[in-house]
Amino acid sequence: MNSAIMKLNPMFKQELNKIKSNANNQIRNKLQLNARKLIQDSRKTLSSKDGNETDAFVILGQLEAYVKVRESLLPDIQLDGYTREIKGMVNKLKSEMQ
Numbered sequence: 000m001n002s003a004i005m006k007l008n009p010m011f012k013q014e015l016n017k018i019k020s021n022a023n024n025q026i027r028n029k030l031q032l033n034a035r036k037l038i039q040d041s042r043k044t045l046s047s048k049d050g051n052e053t054d055a056f057v058i059l060g061q062l063e064a065y066v067k068v069r070e071s072l073l074p075d076i077q078l079d080g081y082t083r084e085i086k087g088m089v090n091k092l093k094s095e096m097q
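Just so it is clear: in the sequence shown, position 11 is 10 by numbering that gives the first Met the number 0, and no numbers are missing.
Keep in mind that the hints are not guaranteed to be accurate.
Straight-line alpha carbon distances no greater than 27 Å define the calculated DSS-like cross-link-like pairs of lysine-lysine that follow [claimed, not checked]: (1) 19 to 67; (2) 29 to 43; (3) 91 to 36; (4) 36 to 12; (5) 19 to 29; (6) 67 to 93; (7) 12 to 67.
Hints are computed from structural coordinates only; laboratory data are not their basis.
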């Protein structure tokens, strides 16, 4: 099928949009699962009395990496509340480490 026909066929375009939307939702769901686990692990480690500065830097790196991944997926996959929460955690950690 040539590209001119694909552009003119609304059913084809609709099906492509549906496939793209489903793929984006699957990616978003997996990212949100990772975000929840990352937030939970970060809070647990940072609130631990056994934690040290190295642990804090590792967590900071993991949080920043998550934000970079999410931002790299824009505009296809929009940021969510988890990303905003993680950005807040990054800012708080950086200010506490100074």
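Now for the hints, and whether the structure bears them out:
no.: 1; hint: 19 to 67; verdict: holds (22 Å)
no.: 2; hint: 29 to 43; verdict: holds (21 Å)
no.: 3; hint: 91 to 36; verdict: holds (19 Å)
no.: 4; hint: 36 to 12; verdict: violated (36 Å)
no.: 5; hint: 19 to 29; verdict: holds (16 Å)
no.: 6; hint: 67 to 93; verdict: holds (16 Å)
no.: 7; hint: 12 to 67; verdict: violated (31 Å)
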